[in-house]
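> Okay, here's what each chain looks like letter by letter:
Protein chains: 2
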Amino acid sequence: MTTFMKTLLLLLPLATLAASAADRPYGLVIHGGAGVIERSALSPKREAEYRAKLAEALNAGYAVLEKGGASLDAVTAAINVMEDSPLFNAGKGAVFNADGICELDASIMDGRTQAAGAVAGVHRIKNPINLARDVMAKSEHVMMVGDGAEIFARSLGYEMVPNEYFQTDWRREQLKKAQEKEKSGKERTAAVPADYFTRTLRWGTVGCVALDRAGNLAAGTSTGGMTNKKFGRVGDAPIIGAGTYASNATCAVSATGWGEFFIRVGVARDIAAQMEYRGTPLQAAAAATIAKVGRLGGDGGVIALDAQGNVAMEFNSPGMYRAVRLSHRPATVAIYGDEAK
Amino acid sequence: MTTFMKTLLLLLPLATLAASAADRPYGLVIHGGAGVIERSALSPKREAEYRAKLAEALNAGYAVLEKGGASLDAVTAAINVMEDSPLFNAGKGAVFNADGICELDASIMDGRTQAAGAVAGVHRIKNPINLARDVMAKSEHVMMVGDGAEIFARSLGYEMVPNEYFQTDWRREQLKKAQEKEKSGKERTAAVPADYFTRTLRWGTVGCVALDRAGNLAAGTSTGGMTNKKFGRVGDAPIIGAGTYASNATCAVSATGWGEFFIRVGVARDIAAQMEYRGTPLQAAAAATIAKVGRLGGDGGVIALDAQGNVAMEFNSPGMYRAVRLSHRPATVAIYGDEAK
Numbered sequence: 001m002t003t004f005m006k007t008l009l010l011l012l013p014l015a016t017l018a019a020s021a022a023d024r025p026y027g028l029v030i031h032g033g034a035g036v037i038e039r040s041a042l043s044p045k046r047e048a049e050y051r052a053k054l055a056e057a058l059n060a061g062y063a064v065l066e067k068g069g070a071s072l073d074a075v076t077a078a079i080n081v082m083e084d085s086p087l088f089n090a091g092k093g094a095v096f097n098a099d100g101i102c103e104l105d106a107s108i109m110d111g112r113t114q115a116a117g118a119v120a121g122v123h124r125i126k127n128p129i130n131l132a133r134d135v136m137a138k139s140e141h142v143m144m145v146g147d148g149a150e151i152f153a154r155s156l157g158y159e160m161v162p163n164e165y166f167q168t169d170w171r172r173e174q175l176k177k178a179q180e181k182e183k184s185g186k187e188r189t190a191a192v193p194a195d196y197f198t199r200t201l202r203w204g205t206v207g208c209v210a211l212d213r214a215g216n217l218a219a220g221t222s223t224g225g226m227t228n229k230k231f232g233r234v235g236d237a238p239i240i241g242a243g244t245y246a247s248n249a250t251c252a253v254s255a256t257g258w259g260e261f262f263i264r265v266g267v268a269r270d271i272a273a274q275m276e277y278r279g280t281p282l283q284a285a286a287a288a289t290i291a292k293v294g295r296l297g298g299d300g301g302v303i304a305l306d307a308q309g310n311v312a313m314e315f316n317s318p319g320m321y322r323a324v325r326l327s328h329r330p331a332t333v334a335i336y337g338d339e340a341k
Numbered sequence: 001m002t003t004f005m006k007t008l009l010l011l012l013p014l015a016t017l018a019a020s021a022a023d024r025p026y027g028l029v030i031h032g033g034a035g036v037i038e039r040s041a042l043s044p045k046r047e048a049e050y051r052a053k054l055a056e057a058l059n060a061g062y063a064v065l066e067k068g069g070a071s072l073d074a075v076t077a078a079i080n081v082m083e084d085s086p087l088f089n090a091g092k093g094a095v096f097n098a099d100g101i102c103e104l105d106a107s108i109m110d111g112r113t114q115a116a117g118a119v120a121g122v123h124r125i126k127n128p129i130n131l132a133r134d135v136m137a138k139s140e141h142v143m144m145v146g147d148g149a150e151i152f153a154r155s156l157g158y159e160m161v162p163n164e165y166f167q168t169d170w171r172r173e174q175l176k177k178a179q180e181k182e183k184s185g186k187e188r189t190a191a192v193p194a195d196y197f198t199r200t201l202r203w204g205t206v207g208c209v210a211l212d213r214a215g216n217l218a219a220g221t222s223t224g225g226m227t228n229k230k231f232g233r234v235g236d237a238p239i240i241g242a243g244t245y246a247s248n249a250t251c252a253v254s255a256t257g258w259g260e261f262f263i264r265v266g267v268a269r270d271i272a273a274q275m276e277y278r279g280t281p282l283q284a285a286a287a288a289t290i291a292k293v294g295r296l297g298g299d300g301g302v303i304a305l306d307a308q309g310n311v312a313m314e315f316n317s318p319g320m321y322r323a324v325r326l327s328h329r330p331a332t333v334a335i336y337g338d339e340a341k
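Residue numbers (the working numbering), protein chains in the order written: chain A, 1 to 341; chain B, 1 to 341.
Rather than coming from a laboratory, the hints here were simulated on the basis of the structure. Treat the hints loosely; a few may be bogus.
Calculated from the model, a selection of chain B residues having no Cβ within reach of chain A, i.e. all distances over 10 angstroms [claimed, not checked]: (1) E38; (2) E66; (3) Y165; (4) R233; (5) G266; (6) S327; (7) A340.
Once the Cα atoms are required to be at most 30 angstroms apart in a straight line, the calculated DSBU-like pairs of lysine-lysine come out as [unchecked claim]: (8) A:K138 with B:K183; (9) A:K183 with B:K181; (10) A:K230 with B:K138; (11) B:K138 with A:K176; (12) B:K126 with A:K230; (13) B:K45 with A:K138; (14) A:K138 with B:K177; (15) B:K230 with A:K126; (16) B:K181 with A:K138; (17) A:K292 with B:K138.
Covered stretches of chain B, as calculated for chain A (at least 3 residues, CB under 8 angstroms) [claimed, not checked]: (18) 112-126; (19) 148-154; (20) 273-284.
C-beta atoms are modelled at their ideal positions from N, C-alpha and C, and glycine is treated no differently.
So that you can see chain A by itself, here it is in the shape it has in the complex (with noise of 0.2 angstroms):
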């Protein structure tokens, strides 16, 4: 062997680092709920708002991803984006709960300390995503809800905003039918699309996961919970290990579904331990902890990120709102179960 390539293979090691950090992945992954979403239902003109806003969503968090910034702050860049806008169940044109008002949850968790914060149960915070960040970074606690949470935020110089600032006629209409259902005790048929109304809003959620250049994960998700919800009722979005979880050793995971097989499953903190515990690659670990809640009972989805930016996007509901863009691959927006996961 030469002096040369002697050098040359000790130099290898040094430009494989010097090329895997130029080249690591950085990305997002976004979802705006699962459920009954099927083309039958939605017209052109509201399937072209939801990709528009999808997108709108996904460059709003890969901007700051692309710039060096946090994946904390991408997260609640893109969750902002689907707070403000009435066509998700979170934020602004989050469902109604039986009582005619909207009743907001929200966690976050950042993959680099597995610090977290939750809120639920707020009716005057314009976005939840951000108060449950500052219950994680401004106080010693993770989960405060009802009015102590909004104490909280007042205490931080939130502006509070009224409750019909969240309120939209179409999900009152849905508040209106699903109550209507209720009296009639027909509330569990599953005929579609007559049925899309209660069962594709139930489990409307957003949530982003996302990777920075530093390879830091977070995950973060935001709801209004279910249409009709009663008696302070609390889905999987706020619970840590359910709705949201993310560990640089494993993976970030939003997940949006029948919130109470979510918990019960531990949806998110399940497909982390399949790869902290027995080694399961990222998209295998998605769809064994969704199958699970298939056979328990419940439907729904989840979006998944681990540290070398593999994705998945898993869900047994017929469609799940969902876009992904990452530095290695294509941007993708996607709403029905036969587009690209």
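The hints should help you fit chain B onto chain A, whose structure is shown.
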């Protein structure tokens, strides 16, 4: 081989089966909170009261199991005794929040079906674990918070107790001390026994895991949370997967500790996940999870029981009120770290 020997060999599996059904272990483990519990800080009289009440709770649960009752019934029976006692931070004797009232959380999980129920931030429910169980059994939801949970309780005919029912002088004194320390900025010093009141009683929580004669596991946890808690803070006790988890396939777990860390680690589910995904035995799994909590800076403990009757009582705090009674080993009641685990 003779026909007699062949017959014997054929019958052997049946005999084993019959023996294993008769010998199948059953029993329960309870905890009454983990924290800085040291001999110097607990008078002999008070210590005797704790030991007697732990034994009473243990025997109440065991009586249910002995006569063939369900593990869920044993869990509620044992927890009810501790909720009704002013000694523990659950039900009567709960700690005060920053507003000077008692605010209670509880959760329960059925290992057979993985059904679960939880309530958080209730103020007038005498036995929160019973309401958590009714959320599981009598609603479509898993978690209800605040006034909504109490409206649900009313709809089931629960009698509401005034918040004064829960309030005790020694807990009021603890709140006063905690608030004085907060004002003086010394809240985080580690001195003992000066800190006994804030540190010990912060983490006081009660819980029970049980295995019945039919081989079904169940877990439950009930708490008043953290002294001087603000902003509708919720800890791990009502979070399925953090404070409580049960699955016949793995184990039943109830946790008590610095709830924020227990949520981030997803303590109860993390123990079960190690068993499920890498076959770790119960005790090793519990130790690994509590070590993980410790690495993040948290403290507390867990009780856990698997379907074979193996027990883990693991904590990284100086003490944990705990007791175990199983069909196949002598009953024990313990408080300090140097007593039998």
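> Count residues of the stretch 112-126 of chain B with a Cβ under 8 angstroms from any Cβ of chain A, then say if the count reaches three.
holds (count 5)
> Take the C-alpha atoms of A:K292 and B:K138, compute the straight-line distance between them, and say whether it is at most 30 angstroms.
Distance of about 23 angstroms is within 30 angstroms: holds.
> Should the label of B:A340 as a non-interface residue stand, given a Cβ cut-off of 10 angstroms to chain A?
Non-interface label on B:A340 holds, nearest chain A Cβ at 29 angstroms vs cutoff 10 angstroms.
> Need the status of pair B:K138, A:K176: alpha-carbon distance at most 30 angstroms?
holds, 24 angstroms
> Say whether it holds or is violated: B:S327 keeps its Cβ farther than 10 angstroms from all Cβ of chain A.
Answer for B:S327: holds, closest chain A Cβ roughly 29 angstroms.
> Given the hinted pair A:K138 and B:K183, is their alpha-carbon gap at most 30 angstroms?
Status holds; Cα separation ~18 angstroms.
> Taking only the CA atoms, is the gap from A:K183 to B:K181 under or equal to 30 angstroms?
violated, 54 angstroms
> With 10 angstroms as the threshold, tell me whether B:Y165 passes as away from chain A on beta-carbon distances.
About 21 angstroms separates B:Y165 from the closest Cβ of chain A, which puts it past 10 angstroms; holds.
> Please work out if B:K126 and A:K230 have their alpha carbons no farther apart than 30 angstroms.
holds, 22 angstroms
> Take the C-alpha atoms of A:K138 and B:K177, compute the straight-line distance between them, and say whether it is at most 30 angstroms.
holds, 24 angstroms
> Hinted pair, alpha-carbon criterion (30 angstroms max): A:K230, B:K138. Please report holds or violated.
The hint holds at about 13 angstroms.
> Please check whether the beta-carbon of B:E66 is more than 10 angstroms away from every beta-carbon in chain A.
holds, 29 angstroms
The structure fails to meet hints 4, 5, 9 and 13 from the earlier list, while all remaining hints are met.
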